[in-house]
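Asks: Chains as they are written, first to last, in the UniProt record's numbering: chain E, 1 to 387; chain W, 1 to 387; chain B, 1 to 387; chain X, 1 to 387.
I should point out that these hints are in silico values taken from the structure, not numbers from a laboratory. Each hint should be verified, as a subset may be incorrect.
Note: identical chains are not told apart, hence a pair may lie in one copy or across any two.
[Stated by the list, open to error] Here are the simulated DSBU-like pairs of lysine-lysine, each with C-alpha atoms no more than 35 Å apart in a straight line:
#	residue 1	residue 2
1	Lys361	Lys376
2	Lys70	Lys304
3	Lys282	Lys70
4	Lys377	Lys282
5	Lys304	Lys211
6	Lys376	Lys135
7	Lys387	Lys365
8	Lys211	Lys359
9	Lys365	Lys282
10	Lys372	Lys211
11	Lys248	Lys282
12	Lys361	Lys304
13	Lys359	Lys135
14	Lys361	Lys282
15	Lys361	Lys124
16	Lys304	Lys377
17	Lys371	Lys124
18	Lys266	Lys366
19	Lys248	Lys387
20	Lys282	Lys366
21	Lys359	Lys376
22	Lys366	Lys304
4 protein chains.
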Amino acid sequence: MAVIIRCVAIKAHVFSGRVWSPLSIQRVNSISVQRLFAADRLCVRRRALNSKYFSSSTSHLATVSTMRKKLLADVDCGTDDAQAIMMALADPNVELLGVTCVHGNTTVENVCKNTLRVLQACNKLEIPVFKGADKPILGNAIDAGHFHGLDGLGDAPCPNPPSQDLVQEESAVSAMIRIVNENPGEVSLVATAPLTNLALAVRMDPSLPSKLRGLYIMGGNTDSRGNTTVCAEFNFAADPEAAYIVLKDYCCPTYLACWEFTCHSKLSWEFCDAWLAQDTDKARFMARIFRHSIEASRSERCEKEFVAGTGFVSCDSYAMAAAMDDSFILEYDEYPVSVELTGTHTRGMMVMDTVGFLKGKEAPKKAFIMKKVDMKKFEQMMMAALK
Amino acid sequence: MAVIIRCVAIKAHVFSGRVWSPLSIQRVNSISVQRLFAADRLCVRRRALNSKYFSSSTSHLATVSTMRKKLLADVDCGTDDAQAIMMALADPNVELLGVTCVHGNTTVENVCKNTLRVLQACNKLEIPVFKGADKPILGNAIDAGHFHGLDGLGDAPCPNPPSQDLVQEESAVSAMIRIVNENPGEVSLVATAPLTNLALAVRMDPSLPSKLRGLYIMGGNTDSRGNTTVCAEFNFAADPEAAYIVLKDYCCPTYLACWEFTCHSKLSWEFCDAWLAQDTDKARFMARIFRHSIEASRSERCEKEFVAGTGFVSCDSYAMAAAMDDSFILEYDEYPVSVELTGTHTRGMMVMDTVGFLKGKEAPKKAFIMKKVDMKKFEQMMMAALK
Amino acid sequence: MAVIIRCVAIKAHVFSGRVWSPLSIQRVNSISVQRLFAADRLCVRRRALNSKYFSSSTSHLATVSTMRKKLLADVDCGTDDAQAIMMALADPNVELLGVTCVHGNTTVENVCKNTLRVLQACNKLEIPVFKGADKPILGNAIDAGHFHGLDGLGDAPCPNPPSQDLVQEESAVSAMIRIVNENPGEVSLVATAPLTNLALAVRMDPSLPSKLRGLYIMGGNTDSRGNTTVCAEFNFAADPEAAYIVLKDYCCPTYLACWEFTCHSKLSWEFCDAWLAQDTDKARFMARIFRHSIEASRSERCEKEFVAGTGFVSCDSYAMAAAMDDSFILEYDEYPVSVELTGTHTRGMMVMDTVGFLKGKEAPKKAFIMKKVDMKKFEQMMMAALK
Amino acid sequence: MAVIIRCVAIKAHVFSGRVWSPLSIQRVNSISVQRLFAADRLCVRRRALNSKYFSSSTSHLATVSTMRKKLLADVDCGTDDAQAIMMALADPNVELLGVTCVHGNTTVENVCKNTLRVLQACNKLEIPVFKGADKPILGNAIDAGHFHGLDGLGDAPCPNPPSQDLVQEESAVSAMIRIVNENPGEVSLVATAPLTNLALAVRMDPSLPSKLRGLYIMGGNTDSRGNTTVCAEFNFAADPEAAYIVLKDYCCPTYLACWEFTCHSKLSWEFCDAWLAQDTDKARFMARIFRHSIEASRSERCEKEFVAGTGFVSCDSYAMAAAMDDSFILEYDEYPVSVELTGTHTRGMMVMDTVGFLKGKEAPKKAFIMKKVDMKKFEQMMMAALK
């Protein structure tokens, strides 16, 4: 079932940005790869079109800007969301069009504050931040625990907080719909939180998913290992109905960084030390907000949750890295996926139909489930995030 | 448990409108009545304020217009929605601010068409019509059956249909939020369809319910008599999650015309004959669109569904009548209500906690459940609707 | 839907017993009545056979003994079970073959003790008592509350308790199977407790139900009025799986005295006073064990539970009376019934398919649901129980 | 979490039987090992007692017979049950006290027939066979598919079938209770079928589990890989309530050979060829009944179901091997386990609380979940089964 992709991306550096050459993909399982890159074909054509202008020096700047990957991040800004955002901000090839906030690791108010603090730490307060849903679809919030501290960002003191007036008037759901419609076929949505905003957006504008380049989700689980309830992962457990709606109605290519995958793709504590020891303001910011999670990660309870092995898991960053770099995913499964809504122990658990039991109307949409990623590249991206 | 209210409304006719005097309520169960009219107290104060100007002839027109009841209708325009809308349009004391449409008896596209046809039949095409959700929260539409015909309006030919361009650009949910915010504390929302639009609206604007004067719903059931599944009524069964959200998060006074109540409050077939025999265009329009439902009502299956006795049930009109006239409800129960989401046979069934089993966080919000209404008045309102 | 039966039972008193003449039934709804008495036809034939011997004086005793109604009671001996048992013991026309005990109002150990005390009070310790299941099918006992006191029999002191050695070695389930097989087609099973024993018995011997004359159950509800959870009655809520199994697999004629029916068939407090004031040991025994329930009945909570009106409800006695006297039920509904197993608020609720939504394999078995009984006769039977 | 045990069993061969020396266990995780062998300590003491008689030549035979492992098998005799039974029959150190039959791979009638055929093929028709439950606790049988053929034994012709009169009069549940009570603390129950009989037995005799030496189950799954529904394994899916009851109420040491484990412990097709090529009647019998499953195993659908890798899976034989030989399990997990009863996609799925989310009353009982077994030994046992 697994497909191994090896992408050789020939990169032409132009000014401060990187320009992508058409992807050279070595096909292993051609059918699956075709599907995986269905949405990419449009892009490749667009890029081919752009390449006409490469010789023309005057068009360089414009070209570069259109070539940058357009991302929209939907976050519940805990420390791993912060890491994912900082990773995106550090890549000159990525254009972060905005950050939409939602309840999750902490209240949506705190999520807005935390997001602004992260943008401030990166000198990117010009990126618009939008406030979204303050509770899940059904309205019953679960306790996020205190892995990310009470405020979601490690309860680190913030001497000079950015003004809350920087949060946009426009709601997250409206902004999401507007931004995607302004950039049809170009936006990759990176969702690293409960999926409430995305679920509301598709009910408000059913055509939204068809206009996305792709959807990258951190959430769900593949082997019934829960980190929030016995069988469910936090982002899905925090709003099972939203996860159900998104997996069902987002018809764009959908990539999942599930809980067990992230646990099996840990970064070492040695890497963590070197990462935080960089002599930069960003690294010092991260060290401050991450201290709490590091300590929590080493508790007995967390070691059980984190499935296997030691090290630290920056869950949300895998989804972001996959959205940023098409060659990041080395191996994936493609299965119909849905979410269990009614189980006593399994409510919120992702359901993966590996055999093909669900037929006809019942058959869920397929998603690409990450199995193996380029960990070398991941370390480089993480390292760059704090440079 | 039941509370009998006798309202003596002294009405002062001013021009073509009616002006309400402060309600003179004979209290039987004073606590419950206080609660019922908690939201009304504001209104009464507002009216008292207005009454200062009664002597001033120049302010009459303005007064009258502020005194008219502002209604917003959320419909899935089948024949009984049509009857409810026509009832509202016929009352000079009522201002229908708009009609929001939603899937239900038929597709949302048909609901928009049908609503425009009803407005056309009443010469009220100036009332704005908004298109809302095309499917329930979870996205799995149920079959509405053909009680109202395939098109929801009895499959009666429509030689001169109004242009679909009359449907507003603005979405139903946005319009609902905007209109209520423009008229804080004044709008009564009458919901006679699956509650998808209302559920989305409260997630988009959590403060919406607190700005409503009241919410009048046709839907749910009190004695587990289903008309769509064994235990569930259509409007709730068609979107159980939406019904759950609305009963939970609409903190305004909420009045329910449940299925069994409407069945026990049938109008006689003799009334029906006289009603449709009126020599007006509206009556002829109603006779055309209602023929199909009349025939369906007399089938064996429907007689079982309609619980007890013979006659016809204009379900949605009870909710509308209650919103139009505060003295319409003669007897009600006030219980915590919620919706079962997970049962094999009971998904979508309204749950009514008559004893008080649910405590603390689990305790649902209370609603006013109609038990007895002024049937004389109802016949008058229905009759007036086709005048 | 309802069928009114008027039974004129011509009774020929022979010695101390009563001999039934073939029932003279005035048919109102002939099809339903035929079904109701499908099981009775066999009996009638049997009786006709017996009547051959009526002239023969030597066969009188034998005849009388074969004519007595054979009952087997399955109880969780609280005060109303006690009343039902005493009612049966007082009728010379009834032969109580045994009493099987099960968890419910109190532990199965207490149920055995209580049953022996009731038999002792009636000088009938020769009737065998069997110990059955100590917990429901899934094993998760619910709290029975203290309506019948901690010991299930009003916590009244028992100066001279019968020896526990009187409880039979044979288990309740084995005894049930054996007794029914020894009396094929003759035993009416009266179940006034959680249905665990009955469910186990049909799994141990699938042919058991076909050998019963009839099954009389106190349990379930028809209008989603719960007395234990929001929507569920105690006997069904205490073992929903057992109730599901019994309603599904007991193919014999099944009569239900549901919660709402018993509440609407209350006896007055005046009757209660006269009933307990009889100058007999039995009446004094009942007064002692019933005091606690009388007080509990008058609490605010109980008045809500008891649905409507005042008076006292001897729930289990309606099922017993129906088993004792074929003319007791005056009006009934015949609907497919099942039990909801998975709802959040509705687990354990009886589901009644009044319209006929469930087809084919899904369609549950029909049961006779009591709507109206002969209250005059009921008062006489109750009164006789303490004579 | 995993515990590695290395058992060095010094075996003293006495006549045709093997006598165990006290186990020499190298403890890796001492607490868990202590728990695992809690039940064994009794045995070890018993063995120590027996060893007194080793020098006495006259007592040898008696000793040997008491030292043989007493097994009781509960089967739904498909081809892998047949393999497990034949494995037990081939071991002179094992005494198979009886075989109880239950619905599952085929009807319980076929299961009885198939079991007798297996015993006949091994010349062991003196072992008693008991007929048990013909359907699951709730009564709704699922379709077993045709992996084992229509008759459960590959639809191989049977020219000389054993008489069905050989099936005992006593029911499976009664026999199970009787046999265990006759051998308290000595019987290992090997359950390779839906757990209906075991669930009924513990409700009929709550003390049964405490009298077992151990319980060895083939069933359930650990990673939500289903072979019958999306998330559930056949034996658990075929009677989820029974599996729930058994995991909850069988307080004896419980060992699980779950679906994914058996799939990851496949035997090679080369082994299969050699195994069936043995020149014995048993091998020829197996080749006949196994042909159908071999072909089915190679279908595309089955390859997906069988999780990973090629080869054949004799699921039930792992549970039997573990019951036969204490040193068979090399690595196991010990977690609280239960069964999901209410999920849309997850009903029947085993739930494993690896982190410890369930506390207090909710916390399920722990079981030993096989992770790694001695495959060399397994091949020897399988090979011996057909000798």
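Asks: Look at each hint and say if it fits the structure.
Replies: How the hints compare with the structure:
no.	hint	verdict
1	Lys361 - Lys376	neither (41 Å within a copy, 46 Å between copies)
2	Lys70 - Lys304	neither (37 Å within a copy, 38 Å between copies)
3	Lys282 - Lys70	within (23 Å within a copy, 55 Å between copies)
4	Lys377 - Lys282	within (20 Å within a copy, 58 Å between copies)
5	Lys304 - Lys211	between (40 Å within a copy, 34 Å between copies)
6	Lys376 - Lys135	neither (37 Å within a copy, 45 Å between copies)
7	Lys387 - Lys365	neither (39 Å within a copy, 50 Å between copies)
8	Lys211 - Lys359	within (27 Å within a copy, 43 Å between copies)
9	Lys365 - Lys282	neither (40 Å within a copy, 48 Å between copies)
10	Lys372 - Lys211	within (28 Å within a copy, 49 Å between copies)
11	Lys248 - Lys282	neither (38 Å within a copy, 44 Å between copies)
12	Lys361 - Lys304	between (38 Å within a copy, 22 Å between copies)
13	Lys359 - Lys135	both (33 Å within a copy, 22 Å between copies)
14	Lys361 - Lys282	neither (49 Å within a copy, 42 Å between copies)
15	Lys361 - Lys124	neither (46 Å within a copy, 41 Å between copies)
16	Lys304 - Lys377	both (27 Å within a copy, 32 Å between copies)
17	Lys371 - Lys124	within (33 Å within a copy, 50 Å between copies)
18	Lys266 - Lys366	both (26 Å within a copy, 29 Å between copies)
19	Lys248 - Lys387	neither (39 Å within a copy, 48 Å between copies)
20	Lys282 - Lys366	neither (38 Å within a copy, 46 Å between copies)
21	Lys359 - Lys376	neither (40 Å within a copy, 41 Å between copies)
22	Lys366 - Lys304	both (30 Å within a copy, 16 Å between copies)
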